[in-house]
Amino acid sequence: MQLIQKTFLVSVGLSLVCLAGCASKPPAAVPEQAIVGQVPADPPKNPVISAEALKADSKSIAVTDIYFKKEGKNLILIEETRHKTNNSVTTTIAPKTIEVDADKADASALTGGANSSAFPVKFTNLADPKATAPGTAPVITPVDPGTNSNSASNVETQSQKKSGYESKMEYGELRYLANPIRGLLIKSGYKVVQAKPSTVTPNQGDEYFDIVKRIKAGDFPDANYVLYGVLAEISVVDNIDDIPGTKSSSQQVVLEVTVDFNVVDTQSTQIVASFVASGEGKEVRIDGKDNAFKPSMAKLMKLASLDLAEDVRKNLAAQNFITNNPGSAGYERNLKRRLDDDASTLKVYK
Amino acid sequence: MKMHTKTIQLSSLAIFAALLVGCSGPQVRYGDAKAVETVNANYGSTDLQMIAEAMTRSLLQSKAISGSKDAPIVTLADVKNKTSEYIDTRVITDKIRTQLMKSGQVRFAVSVSEMQNQTEELKRQNQSGLYKGNTIAKTGNMQGAQYRIEGSIASIVKNTKDVKDVYYVFNLNLINNESGLLEWSDEKEIRKTATR
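As you go down the protein sequences, you meet chains G and C in turn. Just so we're aligned: the first sequence equals residues 3 to 352 in this note's numbering. Just so we're aligned: the second sequence equals residues 918 to 1113 in this note's numbering.
Among the hints, a few may not be true.
Stated by the list, open to error - Only pairs whose alpha carbons sit at most 20 Å apart, straight line, appear in this in silico EDC-like list of lysine to aspartate or glutamate:
id, chain 1, residue 1, chain 2, residue 2
1, C, Lys1040, G, Asp289
2, G, Lys249, C, Glu1037
3, C, Lys1040, G, Asp243
4, C, Lys1109, C, Glu954
These are calculated hints, taken from the structure and not from any lab test.
Turn these sequences into a full structure, and let the hints guide you.
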């Protein structure tokens, strides 16, 4: 009887031990991350920029400021006064130039457009020989009421007024949009080198955008690649809309920038990446119209440039020029480069 | 004389008791909020509970909600009252919203009727200049709803001398805001008959 009791107790004990063992199963071992806080880099997949090439020898890139081309129109008023005496003719020409926007000129009195009251003078292309030919009604307007012929003194004075426009192209670089792009390339492990500033010549044409010419001229001496962008459009939109379900309205001021980018290999002049990127800086003010809200253009520009850089990053990653996940490799390479190359860099020895 | 005194005493006691009862006012007692209410054939609390329960169950089983990886963001639009009686339809949608929220399968964005408070709060934080920059709930970061819930309640009422028959149909729709597609729709029918 005692034996049965003991056997029973032992079996119960064993069962309990088994149960406890099952219940407290240790969690599966989680593989520890190799380096805490550092993510291994994705290898670049661009056939031109192989992972090995980027790892072995850090590639350098120059990022130009954003080129732009702006069309402007100058309204010109020319007043010509001619004094004629018996022996000689004296002519005095007094030109007056007023700068107007191209769209305003287009919508002006030429067509009786919206700005016809603001710009009552007819705009005519002064470069067009037909428009400026003598006797062409819209251009030459002899209007001087004081025009007279003084037969007594035998002096004749004649005044003429001409009006028209001159088209002009302005070329240049926007110097404040490209820095966030340079920053992202540094993060990606590229060595970003300084480009020589581009200079505009008199009567500059579209050859200003000829990047190959600049590469050959040695404007990017140490760069393996050049990322250059041409401004396609920049616009500021100011809209006021009611907020449904409220008595309020929202004023939205948006600065939008669209840039056409190319990445060129300086050795082969091959385009290794090409895309259009855009950035947007937006400021929203509730009931802004009631208190005459004025947005900060500096803030909008900063937001637009950061947004543009983010779009550039996406496009460069999509074309495998940089990795979506640069990880720590880029930082390490840049740090190593700074410590190795630059003698003036503060070095810490352990 | 003794008998007369006793009568006066008893009468006074009775009057006192009657006064006590009279001063105590109406009797109040708590009832079961879920109990079936059949006071009359008009729209009542039981109808509200039946509709909300049926619609929530059906909506949670819909592909749009149950098949979604993350809890989708939904907003409540109007439920139109097409009946001849006054029904606060907002109570129906609020009840459905509460039950859906409790399920954890849906997140709700503020609806149009709640936008005034939301706008004022954002304005206060962003435009008063009183708040620390990194603690401000910034304008422009509200999340848009993927879906909106809207519907209607309609009724058919028929009366005779002794019988009143009411038929309610509550219809609820889930609409994808981006595509405009109707992702889910269901209805709940209720018939109530009152006899004298």
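Do the hints match the structure? See the list:
A hinted pair counts as satisfied when its Cα atoms are at most 20 Å apart, and Lys1040 of chain C with Asp289 of chain G qualifies at roughly 9 Å. Taken as a hint, the Lys249 of chain G and Glu1037 of chain C pair is honoured in the structure, with Cα atoms around 10 Å apart against an allowance of 20 Å. With a C-alpha separation of about 15 Å, the suggested pairing of Lys1040 of chain C with Asp243 of chain G holds against the 20 Å cut-off. Between Lys1109 of chain C and Glu954 of chain C the CA atoms are separated by roughly 11 Å; this keeps the pair inside 20 Å, and the hint holds.
Checked against the numbered hints listed earlier, the structure breaks none of them; every hint is satisfied.
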